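**Student:** If you read the sequences in order, they're chains A and B. Counted from 1, the first sequence has number 16 at position 16 by this note's numbering; the numbering is strictly sequential. Counted from 1, the second sequence has number 71 at position 71 by this note's numbering; the numbering is strictly sequential.
To be clear, the hints were calculated from the coordinates, so they are not data collected in a lab. One should not assume that every hint holds.
Below, a list of computed lysine-lysine pairs in the BS3-like style, where the Cα atoms sit at most 27 Å apart [stated by the list, open to error]:
#1 103/B <-> 184/B
#2 56/A <-> 15/A
#3 191/B <-> 104/B
#4 15/A <-> 103/B
#5 104/B <-> 15/A
#6 184/B <-> 201/A
#7 104/B <-> 184/B
#8 15/A <-> 25/A
#9 103/B <-> 191/B
Quick partial rundown of chain A residues pointing at chain B, CB under 8 Å, derived from the structure [stated by the list, open to error]:
#10 80
#11 150
#12 177
#13 181
#14 223
#15 225
#16 227
#17 231
#18 242
Quick caveat, the model's predicted, so the values are computed rather than measured. A virtual CB, placed ideally from N, CA and C, is assigned to each residue, including glycine.
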Amino acid sequence: MSAGSGHDTMRITLKIWRQAGPDAKGGMVTYTLDTVSPDMSFLEMLDVLNEELLAKGEEPVAFEHDCREGICGACSLVVDGIPHGPQSETTVCQLHMRHYADGATIHIEPWRANAFPIVRDLIVDRSAFDRIIAAGGFVSVATGAPQDANATPIGGEIAELAMDAAACIGCGACVAACPNASAMLFTAAKVSHLALLPQGKVERERRALAMVGAMDAEGFGNCTNHFECMGACPKGISVENIARMNREYLRATLVSRDLG
Amino acid sequence: MLRWIANALTSSVGRKIVLGLTGLLLVGFLFEHLHGNLKLYEGDGEAFVDYVNWLQGYGWLLRVAEFGLLGLFVAHIVIALRLTLENREARRTGYVVRSSTGKKTAASASMFVTGALLIAFLIKHLLDFRFHHEFFDDPSGEVREHLASPGTAAIYILAALVLGLHLSHGFRSAFQSIGASHPKLDPILEKLGPLVAALLALGFASFPVYFLFFGGK
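Pulled out of the complex, with its shape left as it was, chain A reads as follows:
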């Protein structure tokens, strides 16, 4: 099979985690697709599988997706043991079947972490991330009407660093990849993004303490600096942000006037 020809089709064997509900017992189920086009995206291949399953009167495979453009953070598949699959800095919705050979076997599993309980099949409940954001991942100072764009000068390098951190789409691949199921990279990206900018600096102490507290309360693991999160992150968020969050936390512990 010549990869990327656009005309040939491939035979792909899928081993997919199926689980009827949060408390149901799950297991890997094998499916075979005979007419996978190399031009299909990974999710389009799953759409084809689901159409076949529906035609046979079987339950389709539940998986999350939304924009399919790599920017919403909804897709969340562990492909052959790697969150979002083998292509670096690419969400699984942007992974295409031309990267696979005819006859390939692909394992698909959900994110695994106690803090991300399985809802059904490949869908996990990521509301733990929402609660971390709700604890302080925002700017609450009233800024009034929009100012002139140049009223608050921000150095180019700082703007770039903040933007790099803000690129986090909150998909949770960092948690899924971490051997400890830690949410440090996600939380650090949010803490960094806001701590670097003047609008966010106002509440930096309260934010660092509250977001780390919320992260711990969700039952995520702790960071042991394997840096697997950075390897899996579809947005290439650097672990430099984790060091920055650690600094922010240390600083907040020492200077915050909140007595606990």
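Starting from the known structure of chain A, arrange chain B on it as the hints suggest.
**Tutor:** Okay, now just chain B, sitting in the frame of chain A:
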């Protein structure tokens, strides 16, 4: 009044900071320990005896320092143990197929195992010398006698290599945990970590090799 300290010391980030700081302080101790041991190579062991007597001359101050050192070890071990148990608990159901993105290393993945081995070695090491009464009568003779025995020498060489593996991840990791990461600093730390690990591992392994194969001559 002290709630903020308790909050910090029970949080994930706070404990990692303490783990990193205690780790770095223990590395500092290891360098002084190696410096003291190197006196075994000076003269006919007299320099080492002088060093032991000099240390003992501090009397109760030495006891205070020893308790401080014990505190560092206990804090480092207790936090590492708690974090490891929590980390295992954080993913009760694992993956059917597990792969790595290539960032994880043998050293980073084995920190708990190498740490546990080092505790076991530490106990043996303390029993061999620190809590062995005859040691203080003839320090260099006791070291020679212990390390000339093939079994003991093998354990000491292995322990030095395990220490090297532990530090090849731990040294760099400690700086990351305390927030010391910067484009200027990171390339230096990436070189310094393995260098410190190799220096201490080879330094400590040199003593059993010297006494076992060269009879201390």
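**Student:** Taking the hints in turn, state whether each one holds.
**Tutor:** Here is how each hint holds up against the structure:
{"no.": "1", "hint": "103/B <-> 184/B", "in the structure": "21 Å, holds"}
{"no.": "2", "hint": "56/A <-> 15/A", "in the structure": "18 Å, holds"}
{"no.": "3", "hint": "191/B <-> 104/B", "in the structure": "17 Å, holds"}
{"no.": "4", "hint": "15/A <-> 103/B", "in the structure": "26 Å, holds"}
{"no.": "5", "hint": "104/B <-> 15/A", "in the structure": "26 Å, holds"}
{"no.": "6", "hint": "184/B <-> 201/A", "in the structure": "24 Å, holds"}
{"no.": "7", "hint": "104/B <-> 184/B", "in the structure": "23 Å, holds"}
{"no.": "8", "hint": "15/A <-> 25/A", "in the structure": "16 Å, holds"}
{"no.": "9", "hint": "103/B <-> 191/B", "in the structure": "16 Å, holds"}
{"no.": "10", "hint": "80", "in the structure": "6 Å, holds"}
{"no.": "11", "hint": "150", "in the structure": "28 Å, violated"}
{"no.": "12", "hint": "177", "in the structure": "6 Å, holds"}
{"no.": "13", "hint": "181", "in the structure": "4 Å, holds"}
{"no.": "14", "hint": "223", "in the structure": "6 Å, holds"}
{"no.": "15", "hint": "225", "in the structure": "4 Å, holds"}
{"no.": "16", "hint": "227", "in the structure": "4 Å, holds"}
{"no.": "17", "hint": "231", "in the structure": "3 Å, holds"}
{"no.": "18", "hint": "242", "in the structure": "7 Å, holds"}
In this structure, the one hint that does not hold is number 11.
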